[in-house]
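J.: Here are the chains, one letter per residue:
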Amino acid sequence: MEKEKKTSFVDRIWDFFASIKLAIVIFAALSITSIIGTVIEQNADPERNIKLLAKLFGQSSAPSLFRIFDGLGFMDMYHSWWFVSILLLFAANLIICSMDRLPKILKMVREPVKPLSDEHFKGFGIRKELVLHGGPEKTKAVISDAAGKALGFTLNETKEAHGYQLYAQKGNYTRLGVYITHFSILVILFGALIGIFFGFKGFLNLPEGKTYAVAFSRMGRMQETAEFETILNAVEASSGNLSTAARQLGTDEKTFRAKMQMYGIFPLEFAIRCDEFLVDFYSGSDMPKAYKSWLTVLKDGKEVMKKVIEVNEPLTYERVTFYQSSYGLLPGGAENGTFRFRLISKEGKTENANVRFGGSFTVPGTTLSGKIEDFSPALALDERTGRAFTYAEQMNNPAVFVTFSENGNRKFGGWLLRRYPETWKLPDGNVVEFHGVWGVQYTGLQVRKDPGVGVVYLGCLAMAAGLFIAFFMSHKKIWIKLIEEKNNTRVIIGASANKNRHAFEQKIEKMTALLNKVKEGGK
Amino acid sequence: MDSSTLFGISTVAYIVAMIVYITYLAFRAPQLGITATTVTVIGFVSQTFAILFRWKEFYEMSNMGILRAAPFTNLYESLVFFVWCLILGYLIIEFKYRNRSFGAFVTPVAGLALAFIDLTGMDKGIHPLVPALQSNWLLVHVLMSFIAYSTFALAFSTGLMYLILKTEKRSEPSYIFWTITTGIFIVLLVAMGLDYLSFKVLIKNPDVLIKSFLFKASFFSHSPVVSVLSWIAAVVFIFMFWRYGHLLKKIVGAFPLSPEILDDITYKSIAIGFPIFTLGGLIFGAIWADQAWGVYWSWDPKETWSLISWFAYAFYLHSRLLRGWRGNKAAVVAVVGFVMVIFTYLGVNLLLSGLHSYGGME
Numbered sequence: 000m001e002k003e004k005k006t007s008f009v010d011r012i013w014d015f016f017a018s019i020k021l022a023i024v025i026f027a028a029l030s031i032t033s034i035i036g037t038v039i040e041q042n043a044d045p046e047r048n049i050k051l052l053a054k055l056f057g058q059s060s061a062p063s064l065f066r067i068f069d070g071l072g073f074m075d076m077y078h079s080w081w082f083v084s085i086l087l088l089f090a091a092n093l094i095i096c097s098m099d100r101l102p103k104i105l106k107m108v109r110e111p112v113k114p115l116s117d118e119h120f121k122g123f124g125i126r127k128e129l130v131l132h133g134g135p136e137k138t139k140a141v142i143s144d145a146a147g148k149a150l151g152f153t154l155n156e157t158k159e160a161h162g163y164q165l166y167a168q169k170g171n172y173t174r175l176g177v178y179i180t181h182f183s184i185l186v187i188l189f190g191a192l193i194g195i196f197f198g199f200k201g202f203l204n205l206p207e208g209k210t211y212a213v214a215f216s217r218m219g220r221m222q223e224t225a226e227f228e229t230i231l232n233a234v235e236a237s238s239g240n241l242s243t244a245a246r247q248l249g250t251d252e253k254t255f256r257a258k259m260q261m262y263g264i265f266p267l268e269f270a271i272r273c274d275e276f277l278v279d280f281y282s283g284s285d286m287p288k289a290y291k292s293w294l295t296v297l298k299d300g301k302e303v304m305k306k307v308i309e310v311n312e313p314l315t316y317e318r319v320t321f322y323q324s325s326y327g328l329l330p331g332g333a334e335n336g337t338f339r340f341r342l343i344s345k346e347g348k349t350e351n352a353n354v355r356f357g358g359s360f361t362v363p364g365t366t367l368s369g370k371i372e373d374f375s376p377a378l379a380l381d382e383r384t385g386r387a388f389t390y391a392e393q394m395n396n397p398a399v400f401v402t403f404s405e406n407g408n409r410k411f412g413g414w415l416l417r418r419y420p421e422t423w424k425l426p427d428g429n430v431v432e433f434h435g436v437w438g439v440q441y442t443g444l445q446v447r448k449d450p451g452v453g454v455v456y457l458g459c460l461a462m463a464a465g466l467f468i469a470f471f472m473s474h475k476k477i478w479i480k481l482i483e484e485k486n487n488t489r490v491i492i493g494a495s496a497n498k499n500r501h502a503f504e505q506k507i508e509k510m511t512a513l514l515n516k517v518k519e520g521g522k
Numbered sequence: 000m001d002s003s004t005l006f007g008i009s010t011v012a013y014i015v016a017m018i019v020y021i022t023y024l025a026f027r028a029p030q031l032g033i034t035a036t037t038v039t040v041i042g043f044v045s046q047t048f049a050i051l052f053r054w055k056e057f058y059e060m061s062n063m064g065i066l067r068a069a070p071f072t073n074l075y076e077s078l079v080f081f082v083w084c085l086i087l088g089y090l091i092i093e094f095k096y097r098n099r100s101f102g103a104f105v106t107p108v109a110g111l112a113l114a115f116i117d118l119t120g121m122d123k124g125i126h127p128l129v130p131a132l133q134s135n136w137l138l139v140h141v142l143m144s145f146i147a148y149s150t151f152a153l154a155f156s157t158g159l160m161y162l163i164l165k166t167e168k169r170s171e172p173s174y175i176f177w178t179i180t181t182g183i184f185i186v187l188l189v190a191m192g193l194d195y196l197s198f199k200v201l202i203k204n205p206d207v208l209i210k211s212f213l214f215k216a217s218f219f220s221h222s223p224v225v226s227v228l229s230w231i232a233a234v235v236f237i238f239m240f241w242r243y244g245h246l247l248k249k250i251v252g253a254f255p256l257s258p259e260i261l262d263d264i265t266y267k268s269i270a271i272g273f274p275i276f277t278l279g280g281l282i283f284g285a286i287w288a289d290q291a292w293g294v295y296w297s298w299d300p301k302e303t304w305s306l307i308s309w310f311a312y313a314f315y316l317h318s319r320l321l322r323g324w325r326g327n328k329a330a331v332v333a334v335v336g337f338v339m340v341i342f343t344y345l346g347v348n349l350l351l352s353g354l355h356s357y358g359g360m361e
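For the protein sequence lines, the chains are A and B, in the order given. The opening residue of the first sequence carries number 0 in numbering that gives the first Met the number 0; numbering runs sequentially from there. The opening residue of the second sequence carries number 0 in numbering that gives the first Met the number 0; numbering runs sequentially from there.
Bound-form chain A, shown alone (with noise of 0.2 Å):
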């Protein structure tokens, strides 16, 4: 008694994650709680979310809604506990739906066709009846050829008491496509799982000129402490090396490892500079092309791999990949620049030239010397008075004001601009290009580490196999039932499939206009 009650439980829970109801319900929570998800700015800044509510409830309760949401975790609301409860119960709820389904289609898949009763033939949504010239035997032989030849099908064949009964079936196997569909979103889910346990998603701003060993987390406690600095400096000075850097500070190399993950720092296990980076503009216009990166990947202080990285471009080491994301001015500006000249004097003497912020550098052949002045990273001329202008923050026109002098005396001054080499000509008939300042901005890296992609890739192949399985596939099955009539032979088919109906049918009308061609051939 107390035995059938527990069975009868365990079967209840089954059943609810079994039924499609379940699914449905979670389909919705999904629905509703992601459309949320897209009206709240995700881990943006609550000042703006605050604005928000704001707009959609009022000013006086935003506060306090504010606190209501982020308590739930609406914030990051793809990472709460309760949204990814919500994907296990999915994945749970698919598991236990196929596992529910599946032996039943397994015996359909497995199930061989047998010969049919009269009665069966009645019921077929494809049927077709005609009447061919010659006995059985003859026209068995055939009906097997045509079926062949319009169905790809090879007919099994059993005697019976007026002639014979041909049959087959084909695509059995098809009926499993939605399952592959189904375990491939279980497949999909286990690679993400990999990679939220056993992956590193984080960033690096990583200044031109500068070589770091470590990517930072946007989770972690990213706090500029005196500790913070102390790991960072020790793992730079180490190259890389956590066991070197750990025993510099007196620590053991797993007490280390496990503060750096407190502080948010991933250890890259090797070391990456920036050797340049640069925005492309569209010719003239202020349209970004490309940014770009020159990166150089160095192994205990060796340079091991170079690539000019783009967006859509990434670079992998050691399966660790870094992708263009954003880009900047540091902070202190010009200050700590060097700025690029090609120096062209009068009689085509030419020089290059790298000169600090408030330095100078003297045209080749000549006593002009020209001092740096200031510096704009994007200037404009204003149209009505004429005056230059700092239009954008970024560096998308960098320009430079260069006073010359000969012997102690000014002579002109003027902006030079990467831009326009027109400003390049001066005056006197030298010409001092200027081809930017290095050292002035930083590249913005995604870096990411995931073991589990390839698990997601995989699931998404399994996915699209399994979609075109199930839609554009089916499970196709035919009898044929062959009856003496006198010199003649009586043909019945019937036929069915699981989908595309209308597809096969008309397969199988190309077979009997086969058999009419051979009746009408052999008259």
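Don't read these hints as lab results, they were simulated from the structure. Even for Gly, the Cβ is constructed at its ideal location relative to N, Cα and C. Some clues are possibly wrong.
To be verified - Okay, derived cross-link-like pairs now, SDA-like style, lysine to any residue, Cα gap no bigger than 25 Å in a straight line:
1. A:Lys448 - B:Tyr243
2. A:Lys137 - A:Val517
3. A:Lys291 - B:Asn135
Unchecked claim - Cβ-Cβ distance ranges computed for the label pairs, FRET-style:
4. A:Asn335 - B:Gly192: 53 to 59 Å
5. B:Ile231 - A:Ile31: 25 to 31 Å
6. A:Thr229 - B:His221: 26 to 32 Å
7. B:Gly192 - A:Trp293: 46 to 52 Å
8. A:Ser116 - B:Thr22: 18 to 24 Å
9. A:Ser404 - B:His221: 28 to 34 Å
10. A:Glu508 - B:Phe94: 15 to 21 Å
What the hints assert, rightly or not - Per the computed footprint, the stretches of chain B lying under chain A, defined by three or more beta-carbons under 8 Å from a beta-carbon of chain A, are:
11. 34-46
12. 291-303
Place chain B on chain A using the hints.
T.: Relative to chain A, chain B alone:
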């Protein structure tokens, strides 16, 4: 001949086709039907060449690989391609079902979409691509997404027609559903039209985005009187639509279209669109995102809304195949699914911010 002339020809052809299809329905003269089909085919062919020419123009201008120069990179180009897919889908249906009545429903949608382009003064220029879009995935991802969107649009119109035909009483949930959905749809269109007009009249400064003007001329007007009146007008209109919705049934009922055929087209469209959407929209999108941004799924609004649409159609298929849902219930799901798709396509770009901000009106 250049692409814009050809686009012009196709727009005119679709509008003429729409008129001829409707007259054909009224008079049932076979010659009219043949004319309507011919005009549609002319429009379709010139649109095909227009897209190819634009592709060529973009390719020559941009110095990129031919596959990367596919003209599917902004709202204008995607709308044009959507119309192209829709007409192609319709022509296939006309050929397969040997029934022209449906044309009177599809050509207005095509005409409306093209008119929407002109009305909003959307930017039609060919622009160089921002770095994120410079990828070979652009072509397959956008191409397949829009083929899927078009099949969903077909399923939506047949589903809606089915509901119009099969609902009897005003108290019936499916009747309430379709009248209110269509009512809201029309109200939103009218409100956006008003926004556009007031935008054109009042705002001369080109730096102000039409996006920030959404519903400012009606529901969210600074003047409380206008705002309240708009809400009242909207509610009254939707109520009237519900009250007199059965008049539409008379019009649709006049077409020689059986509900069974409509139900069948709805299912088949979704059965074709769903796998294409899954592969091209979601899977290829994920692979591309992985390559460009370093995350295959980031719960970006566009991604999330595509997933919601995907759920809606997955639900349609499961309810039909497992529970045998046919008729009204299935049609309601098909309509809801397309509302999600519209939001994925337009709403996300107009209302929400995220990584997929290429398709905006700006």
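J.: Against this structure, judge whether each hint is valid.
T.: Evaluated hints:
Taking the CA atoms of Lys448 (chain A) and Tyr243 (chain B), the gap is about 60 Å. The hint is violated against a cut of 25 Å. Distance hint between Lys137 (chain A) and Val517 (chain A) is fulfilled; the C-alpha atoms sit about 12 Å from each other, no more than 25 Å. Between Lys291 (chain A) and Asn135 (chain B) the alpha-carbon distance is near 18 Å, which keeps this suggested pair within the 25 Å criterion. Between Asn335 (chain A) and Gly192 (chain B) the beta carbon distance is about 55 Å. The supplied range of 53 to 59 Å therefore holds.
At about 29 Å, the CB distance of Ile231 (chain B) to Ile31 (chain A) agrees with the hint of 25 to 31 Å. Taking 26 to 32 Å as the suggested C-beta distance range, the pair Thr229 (chain A) and His221 (chain B) does not conform, at roughly 56 Å. Checked against the given bound of 46 to 52 Å, the beta carbons of Gly192 (chain B) and Trp293 (chain A), roughly 51 Å apart, stay inside it. Distance hint for Ser116 (chain A) and Thr22 (chain B): a CB-CB separation of about 56 Å, inconsistent with the stated range 18 to 24 Å.
Between Ser404 (chain A) and His221 (chain B) the beta carbons are some 59 Å apart, a value that contradicts the proposed interval 28 to 34 Å. For Glu508 (chain A) and Phe94 (chain B), the Cβ-Cβ distance of about 19 Å falls inside the hinted range of 15 to 21 Å, so the restraint holds. Look at the region 34-46 of chain B against chain A: 0 of its residues bring a Cβ nearer than 8 Å to a Cβ of that chain, fewer than three, so the hint is violated. Remark: the region 291-303 of chain B is confirmed as covered by chain A, as 9 of its residues place a Cβ nearer than 8 Å to a Cβ of that chain, reaching the required three.
Consistency note: the structure conflicts with the earlier hints numbered 1, 6, 8, 9, 11.
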